[in-house]
Each structure stands twice: as structure tokens, then as C-alpha cells.
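Enquirer: Chains as they are written, first to last, in the numbering used here: chain A, 1 to 392; chain U, 1001 to 1403; chain R, 2001 to 2558.
For the record, the hints were derived by calculation from the structure and aren't laboratory data. All values reported here derive from a predicted model rather than from experimental measurement. Among the clues, some could well be false.
[To be verified] Here are the simulated distance ranges between beta carbons:
| hint | chain 1 | residue 1 | chain 2 | residue 2 | range |
| --- | --- | --- | --- | --- | --- |
| 1 | A | N102 | U | A1353 | 54 to 64 Å |
| 2 | U | A1353 | A | A106 | 53 to 63 Å |
| 3 | A | F116 | U | A1353 | 29 to 39 Å |
| 4 | A | Y124 | R | D2529 | 24 to 34 Å |
| 5 | U | L1366 | R | D2539 | 52 to 62 Å |
| 6 | R | A2311 | A | L339 | 45 to 55 Å |
| 7 | U | P1372 | R | Y2023 | 23 to 33 Å |
| 8 | R | F2469 | A | F115 | 32 to 42 Å |
Glycine included, every Cβ here is placed at the ideal spot set by N, Cα and C.
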Amino acid sequence: MKACAEPGRRSCPAPRPWVLAFFAFLLVLAIAPSGPRLGGQDLLGAPALAPATAVAQDAPPAAAPPPAELSWWEQKAKQPYVHEGTYWLPPQASPAAKGPDNLFIAVLAMSAFFFFAITAAVIYFVIKYRHRPGHKAEPSPAHNDALEITWTVIPTIIVVILFVYGWRSYIDLTAIPETRPENQIMVTAQKWNWSFRYYNGVEDNVLHVPQDQPVKLTMTSTDVLHSLFIPVFRVKQDVVPRRFTYAWFWATKPGVYRLYCTEYCGKDHSLMKTVVVVHSSGEYEKFLAEAFAKQQSLSGPALGESVFKKKGCEGCHSLDGSTRLGPTFKGAWGEQVKLADGSTITVDEKYIRDAILAPQAQSRPGFPPAMPVIPLSDKEIEGVIEFIKAQK
Amino acid sequence: MSAQDNDKGGHDDHGHGHGHGSPFIQHHYDDAQHQFDSGKLGIWFFLVQEVLFFSGLFVAYILFRHHHPEVFAYASHYLDVKWGAINTAVLIVSSLSAAWAVRCAQLGQRRGLIACLVITLVCAFGFLGIKYIEYSHKFHERILWGHRFDPCVASGGAHLPNKSNQCDGVKSSVVWDFKTKKADRGCLDAETGYDWEPATPGIQARCQVAEIKIGVQGNERREVGRRAIEMCEAAAGHGQPHKPVPCWALVENRHVCPKGPAAMVYYGDKAVRTDVEIEAVCEAAPAPAAPEDAFAHAADRPAPGQATLTRQAPPTKHDLQVAWSNGPPPQNTNMFFSIYFAMTGLHGLHVLAGIFVYIWLLVRALKGHFTPEYFGPVDYAALYWHLVDLIWIFLFPLLYLIH
Amino acid sequence: MSASVDNTKSFLEVSPGIRNWLYTLDHKRIGLMYLCGILFSLLLGGAFALLVRTALFSPGLTIVGQDWYNKFFTLHGAVMVFLVIIPGIPAALGNMVLPVQLGAPDVAFPKLNLASFYLWCSGAFLLLLATALGDVDTGWTFYTPYSLESQTAVIPAVAGAFVLGFSSIFTGLNFLVTIHKFRPAHMGWFQMPLNLWALYATALMQVLATPVLGITLLLLFVERFMQIGIFDPTLGGDPVLFQHCFWFYSHPAVYIMIVPAMGVISEMITTFSRKHIFGYRFIAYSSVALALFSFLVWGHHMFVSGQSRLANMVFSALTFSVGIPSAIKVFNWTATLYKGDIRLDTPMLYVLSFLILFTIGGLTGIFLAVLSIDVHLHDTYFVVAHFHYVMMGSTLVAFIGALHYWWPKFTGRMYPEALGKLCAWGVFVGFNLTFLPQFVMGSRGMPRRYWDFDPEYTLYHRLSTIGAFLLGISLFVVVCYLAWSLKRGKKATQNPWGGTTLEWVAPTPPTTFNFPEPPPEVELYDYDDLVEVPNANEDGVTNWERRPATGKPAKAHH
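Isolated chain A (complex conformation) (with noise of 0.2 Å):
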């Protein structure tokens, strides 16, 4: 131990056994408790699309209001999102994705044969030529210009052919393909909710593709900077407030599956995720066509409870009577609120519709003015005033 302690002596034994076992230690308290395993997306007894927090809390399964008569889609999209892939990559559902999974399979293997090869040649060097009594540093040139330029020409090579791969395939990525207008779908994110319109008017908070056809998106933000991306379809774009940007993909495969916002956003970004429901061929056509009528349908709390969630009102306002970013509209209707201007205002149809038209008009203390304009027609605002009235 003391000869160890000394600079310029020869290296210690190997770590204590008792190191090992802290590690041994800390797996077994890694994999332990609670365990889920790898890969399945029940473990904790919550279904995939519930919020996390009732997943962490172990709170009794979402005391929410009971799902009331949800159509076909909409149950659709709370089925368990596909997510097995391989080890390395999700599952791949569009014929984009071919490319970069090739190029990453490439790169990978490639980048395990310099990796293992640069370690070996480190851990054989310690080996052979580490310090011990009587063994001397032996000569040997200090450069060897053939050996460098030639390690400088193969990763350059490496590269090159890199360069030209991943640039055919990002061009595949994104090059938009012509697509029918059925296909061509609006994306507005806001914080932190995607809202998507289809071309006949249907707005909903799950994008519905069809099958084997290319799919638009004409994207835009209301307010910071999103980021929309899909892992199945290898496909990311940012989405700018004040303008547009485009992604495209071609799903191959019915099914649901994840899309995230990945550009910072704030507060809930982690929250900001959704599913992207790929129907088989005509399914998405009775979607559209059955989505509007439910939509021209709907009036009064249901359209308010609509309007609630696929406007985006959640992230802030919430029905079981915790504060978020803006009031609880639980036992709301009829309060006694005040407002920063020091005055007291009932909370009824006047104000609400006030509070819709014009945030910042009669904002109230212990909430940011972070309110946006919410373009919605007398109709819908009614319906959210009735929604706000049923919630007691």
C-alpha cells in the first residue's frame, strides 16, 4: 500500500473486491424494486397514455370523469403505442426510415471496429510495455509519415462515403412528394399541446394518418419554438413561430405510435407528446368523414369539453381542483374572483366569454399573463361556458 502511494512506482493492484460489490449492489437495487421490465409498457399498472404523475404517485387509476362514449378513433388512439424495435432503433413504419437505419447500422458497426480496435491496441500496449523492474522504454520512430498520411486518408475516405449516404437518404426524408389535399394537415403546437387540422375542418389532438400515402405537414407555433418528431418514421422538424415548415412521411404500418415535442419549450415540455394513429386504407377517409359530423354535432358542455381539450386549455386550467399555470375550473362557476385591478368579479357567462375574448383584460393576481388568444366562435364559447358550469 505505501510503495502504491508513491508517484513514479509501478500501478496498484487490480480495484477491491468490495468495489465490485458495490456495483453488484447498485444493479440489483436498479433492476429490484418495483421492477419493470425492459420493454413492456404495463408494468406499473397504468396504461402508456396515462399522465405520469398518477403513474409515479401510484395514485387509484385517474379519477377522471368516466370516458364518456368515446368513438372508434378515440379509443384507437389509447391503445398501447408500438415501441418495440430493435435494440438500438424503434420500429421502423415508413420506407424513409430504411436509409437512416442502414447508415446507422453502418456507422455503428463501423465505429465498434475502430473502438475496439484503438482499445485493444491501448489495453495491449499497458500490457506489454507497462513498468516493471528492469524493463526500459526500447526505441522506436517518433513519426512515420507514410503510417500517419495513411491513417489520415482512411478516416477521410470513411467519411467522404458517409457524407454522400446520409445526404441521399436526408433528402429522401425530406423531399415533400406530391400529396392529395385529404393528406395535408395543419399542425399549430402550442405549450404545450399539438393541435392538428384536417382539410374538411376536424381538429383533433392526435394525428390520424392514413396508410401507404404520403402525409404533409404544414407546421407552425403559436408561441415558442416546438419541435415536432416522430421516432417511427425517423422524422423531426422544428416548427417556428411566424412560420411554416414542412415534414412528410409515408406510413407503412397501422398502428399507434409516439410523437414528441423535442425543442425545449418550457414548463410541460416533457409532457407536450402525443400518438400518431396510422389507419389501414379507407379507415382514415371514415375518420374524417365521421369526426366532422360528431364535431357539427356536438353542442353545448360537450362541445366546451372538446374545446377543452383539443384547444389546449388542460395544460393550464385543471378539472379536479389543483392550480396549474391558470384557475381550476372545478366548483369555478359563480366564484367570488378577484382581479388585479383590486375589484371583485362573479365568475358567470359574461366573464368567461371576457376572459376567452380578452385575456389580458381582466387578468387576476397569482396567475402569469400567459392567457393567449384562443380564436373560438360563439357557438364554442358557449359550449365551454357550459362545460365550466358542469364542472362542480
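Since the structure of chain A is already known, use the hints to place chains U and R on it.
Expert: Quick look at chains U and R alone, frame taken from chain A:
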């Protein structure tokens, strides 16, 4: 700045035996030449750093000018070429005297050195004085950046006929028809509330507006209307004698737009109402004082209540030129002033820093610190001053001389 | 620095007292003061990192809610980048070592050097003030428009980063002039130790890139103060311009971090292998090449930001070019080990860790340079893992290794070797455990900066958290035993590792002007005539001495 303050500011009296002649040769240098060379290299690197510091703003300038050429062409007329030219001359003179000061220091001409430093300082103060005149004029006219830009003020500098809030101007790209009380042309996206085609000009009102009524459809109209007007008046009353203000100027910024039969109004960046109707009550405009009124060249003043700009005859090139330079400011004109104030402001700060350096040099020159052997600080400061001068020589045409 | 300075005593002993330290112009004292600040910041940034990792132990709410989580990762990033890694090697170690390696009495502008230090302190103070005022939640990148509307203390944080930028610029300027003007007559450019080449390249980047960050942050600052509108889309400004300007600095900043690390690695690997560095010129040139290329690749941070595809193509191609000099260096270092006499002292363990971690960091960079793969991997944990391998696994590991390497020289004390080795292992294992799982999460699609995650990632996150704690504990122990050794460590000898550069000719610790006598001309990386003398001092520490027979006669340094 710190480069100069720190590298050569040594007052270490020491007897270190390197054979240093001047007491200001620091101890870790071999000799005076070594110290001078090091300092010179240091100041050059510092200047490179300065150039890159400004480069960010130049990139922003290029980008915005590329995106909005019309804004830059229009808005440079707000600037007074006369003052800009005088300032250019002042800086060139000061650069000359700064260079001369180096010569005097090298030759050991103390009085010449002091005189040159004083001339440089006077010019620097002169530059800032003129900048003050320009800035205060813009503050007065509210020709500023962002929301502080008042689109009611047309360009034309000192000849501006109307001061704030009493002019024609683009309030939005929406054309408002007062007869039908509806916007008859516009491009505000009813869903997002965005003005997607800000380059399309439109005139909101071409009369002096006495009052604007904003009301939600139906029986709530009066009430809401009053509140909106109160808000306008309250805002206008700030720092000014309270008076009835033509309110549409205050329902400022940006969007009056159709959404079916209704419209949306933004007050500053805050939405006041959506789903509203707007009605402007026009008054007869005061008879324009002909020689002062730049708009008189652009188009005849319309009759009270007339809403849109109409042109009697196809404009000639000259007409277009005049209209272009003196018509209502295009959308995003505020961006020009963001760039203008950022660039000239940062440059002004550099001039200010130069003044402190030159005062420091003057004090040392009066004490007789500079000798033919030790004159580094004068040289470095002059290099810095030339750079400040050079940046202005770029700024002047880029901001003032756009046609 | 007055005439009465005693140039025969150690710089630690001359003129004691806190005032003399605070007003010192001695580059070594300034370096040591930087070091204290940086190690403190390291612990602070590490604490934030552990909070982040703890919050990610399980999906959903673990210890804190989203807003606190966002603040933690922002502060972790800001503190580590601006206060630790960027100044770590250049400002702290570079300050101490650079003039001594040149054989110079001090840096060119000692007062400017002190001013840089106080700028650093002011910047650090502002960042801490931002923390105290309720934190920042914009991410260390301060992307607009979120940073314009965030309700948190963005203004002091931005001001802090701005001031720190100027500290960095002045340090770089000082180093450039020192290397140009203070090289002794016999030291041509290609007789400079590789560390000086690396510091030169770093200083060049500091002077050329940091001002652009300066103006960007200044505009952001003014934007928040008076809504000037340059980056604000609601006023017609351009939020993507911010990203361009920011990355024009922050990409070179990555090289400001890694290039000096490569420099110290080059020094240490040759010393502990007792071999001349292999391919001196290639390593020297590749440092400069990295510095130049680093200015041309910022756009690869913005492949999905909406910039044109042509720009993406150009930036992707240029990005690949950065890989080549990095690869050359790794090959050359490995070749240096060949036929050496390798001693696995603590610094060498860090060097070997660096080699492996940097190889991983560099190779994973290739994934991200391939355009189509980057579209998938951008802003996922893959990127997080990649840049931690470069910024932490490489830069910080090199910094800690170099700290051990030069610790005896500048403090006159040895650190406890056994504990040092144990911690080096802890850092290596903990680091890999933390970040290897993140590659898998990232390529499977886990976005970064997420407070919450899908349950299928739980195992990876747990491994990562455990690794982070191991890493954190190891680094904490390192800081503790280094502090302990200041008083209790064994006395160091003049040349405990057998290094050939000039600092090992100076007394331990060096005198105020580093060398009581003008330093001799040394043969760089020539280990033949150095002889190991065990138990050279009363504490039994080894020393290496030049064999008198072949020792070269001392020459005057100018």
C-alpha cells in the same frame, strides 16, 4: 479597453536591471521594444475581437435588409443625412488628430501631443453631442424600436408634417371600409390571429379619427366600446395632458381583421377583443399646411370618412419615389430602428469608452509620462480609435444612405 | 510586482496574506485562485446534475416538479459550461503552466490577467445571483423566443455569461501574445510543448468566437430589457438568427473545451510512457486544424431548425472534416504507447480513460454528422450522451488528470496516490454507467430535457442515475483529498514524473518569476538521460534527474 488599461498601465518603480530607460517598462519584459511589441500585438488581437463583436450586428443587418428591403429603403429617410455626414467628418478629423498624437509622442513633442489629444477629445464629445441631438429627436417623435415605434410618424425627418398620433399610417394590412363598417380586404388568419402577408399594405383610416367604437355584436356593444376607449385614453394620458385622443392611433399595432362578420383588435401586443366590430368616427381633418405636408405629395387628402387610398392616375416614377419615401411606413419598420439603435448605440458606447481612454492619456501626457521610448498607450489608443472611426464609416452609408 | 520581489522563494511563500493574493499579478497565484473557483463550481454543477439524475430515477414525479427540474438542468448546463469546462484547462491550469513551459517570468499582461480573473468572479457571481433570484429555466442555450418570455431570472444569467465571455477573451488574448512574444530564442514553433500548441489554438478560438456570443447575449439582454425586437418574432425579429449567432460561438466553444484537453493529454501520455510523442507535427497541426474547422460547422446544431437543405449539406460535409484531425490525434496517442515504459500513476489512468472515452465521444459524433441519422437523433438522449462523452468524459477527465499531474509542481505537495487511483476508476466506471445507457435511450427516441419519460426507459434511467452518483462521489472525494493534501500531502520533488518540459526544471513550487536562473535549453520529449531517483526527499517521493554526463549546458533564455 481593458487591454490598454492593463497592459501598459504599469507604474512600477523598480530598479530591475534590464537597463530600462523609462520607468514604465514593466519588469517581465526584456526591454522597451519587447514591451511595445507585445502591447501592439495585444491591441491588434483586441481589435480583431472588436470587429467580431460588431459582426453579429452586421449579420443581423444583412439578414433583415435581405428580408425587408422596402423597410430599409423607406426607413432610412427618417435619418438625417446632414447630421450623419457631419459626424463622419468629425470622426475623420479625430482619427487624424489621434494619429498625429502618436507622431508627436514618438518625437517627444509634448505640447503637440497634448494639443492632438485635446482635439481628439473635443471631436469625440462633438460626435456624442450630435448623436444626442439625433437620438432625442427620435425619442421625441417616438421613432424607436419594437412597440415603441409609432407607425403614425412617416419618414422625412425634420419636415414631418404631423407629430405623433395624427397621421395616416398603416395600422395593419387590413383595409377597412367605413361605409359597410367592415373590413373589406385583409389577410389576417382568422384561426391563428397571424398576419401572414404583412407586406400587403392597407390603410385603416385616412381621416382624423375622433373616436373609435369597438363593440361585441349585439347588445353589449356600448359597454365594451366604452371600456376600450377608456383604455385608450388612459394610455394616452400618461405623461401628457389628458385630452380626448384620436383613439385609433392607440388601438395601435397591428391587427384589425375580419373573422366572418366580426374582427379582432389588438391593443399593443395584448388582445383587447375578438369577435368585435369596429367603427371609427371621423372628423374633418384640419386643412393641411401645404408646404409642410409631405402627404400632399403622395396623394390628395381624402374626404372625411373615406377609408381607402385611391389614386387618381397611374403614378409616374417620380410619384412613386415620393410616395415610397414619404408614404405610410411599411410593416416591420420598427425592425430598422431595432438595428439602428443597436448598432449606433453600441458604437456610441465605444466612443464613450474611447473618451475615457483619451482623458486618461491626456492626464498622463500632462504629467509627462510619454517619451520617444515609451509611447505605447498613445499608439494603441489611436489604433482603437481608428477602428471606432472605421465602424462608423461602415454604419453611415449602411444606415443613412440607402436609396 | 515590485522591485523587492524575492525571486528565490516559492511563489506560495513570498508575501503571504489574503491581500497579497487578491492583488497578485503572479500568474500562478491567479491560476490557483481560478482553480478554487472552478472546483467549487464543479461541485455546484455536479450537485445540480445529481438532482437532475435523481429526478429521473423513476418516470413522473420523483423529487421535484417540472419547473424545478427545468431549473436544475439549466443551472447544471450553465454552471458546467461557462464556469467549469471552458475556463477549466485554459484559465486555471493554462495560467499556471503556460509561462513556465515557455520559460517566461509571467504572462504578457499580468494586470489584464488579474482583470480576467475578476471578470470571471463577477460572471460567476451573476450566475449565482440568478440562482438565488429564483433560477433560470431556459436551458443553458437561452434559445429565443422562450428566453424572452420566461418568467425567471434570465437577465442576470445572461449578463453573467456575457461577462464570463469577456474573461475568456482577455485570457485568450493574453496567452496569444505571451506565446508569440515570450518564447525563448531557442524555442521555435516546433520546439514548443504540444500543450502550448493546444493553448494557442484555444486562445485563437477564444478571441475569435467569444465576441459573437458577447453580442448575441448583449442583444438578448437588451431584448429583455427594452424589447428591441431583433430576436422576437412578434415584433418581426428572427428567433433562428439567435441560434446561428449562438452556435457560431458555442460550437467553437466545444473546441475551446476539448483542444486544451488534447494538449494536456499529449504532455501526460509521453511523460508516463517515457516515449517521445508520436507524430509531433501532426498533433500540432491537427490542433490548429480543429480550431479553424470549428468555425465552419455551427450549422450542424440546426439541421432540423428549418434552415435550407443546401446549408445542411454544406454543414454536414464540413462537420465530417472535424472528425479527421480528432482521429489523427487518437492514433498518434495510441502509437506513443508503443514500446514505451508505461507507468500507471493516477494521471496516466485519467489519460487512458480519456483515450477510451474520447474515442466513444468522437465516434458517436460521426452518427450525428450523417444528416439523415441526425434528423432522428437530434435533441434526443443520444446527443446528450455524445456531448457528455466529449465535454465531460474527455475534457473534464483530462482536466482532473492534468490537475493531478501538475498538482505537485504548483502546490509542492503530493496527493494520496492510492486514493487517487481508486477515484480514477470510480470516475471511469461511473461515467460509463451514466452515459452508455443514454445512447440507447436516445437512439430509441427519448427526447432530451424531459422531466418525465415513457416507462420503457426506466431501467436505462436507473442505471444512469446510479452511475451519476458513483461519478459524483468519486469527484467529490478527489476535491476533498486534493484539499487535504495541500497541508498534509507528502512534499513533492522537483520532477516527480520525469517530465521533459520546462516546468519540471523550475523549482517546486516555482519562484515568483518561475526561474531563479534563466532556464536551460531542454530537449523536448527526450527521456533518455532522465534517471529515476527513488526516495529523493524526506517523504520518500521519487525524483527524476538529468544524468550529468549528457546534461546539456545551461543557456541563457533570451
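Enquirer: Determine for every hint whether it applies to the structure shown.
Expert: Evaluation of the provided hints:
no.: 1; hint: N102/A to A1353/U: 54 to 64 Å; in the structure: holds (57 Å)
no.: 2; hint: A1353/U to A106/A: 53 to 63 Å; in the structure: holds (55 Å)
no.: 3; hint: F116/A to A1353/U: 29 to 39 Å; in the structure: violated (57 Å)
no.: 4; hint: Y124/A to D2529/R: 24 to 34 Å; in the structure: holds (29 Å)
no.: 5; hint: L1366/U to D2539/R: 52 to 62 Å; in the structure: holds (58 Å)
no.: 6; hint: A2311/R to L339/A: 45 to 55 Å; in the structure: holds (49 Å)
no.: 7; hint: P1372/U to Y2023/R: 23 to 33 Å; in the structure: holds (32 Å)
no.: 8; hint: F2469/R to F115/A: 32 to 42 Å; in the structure: violated (26 Å)
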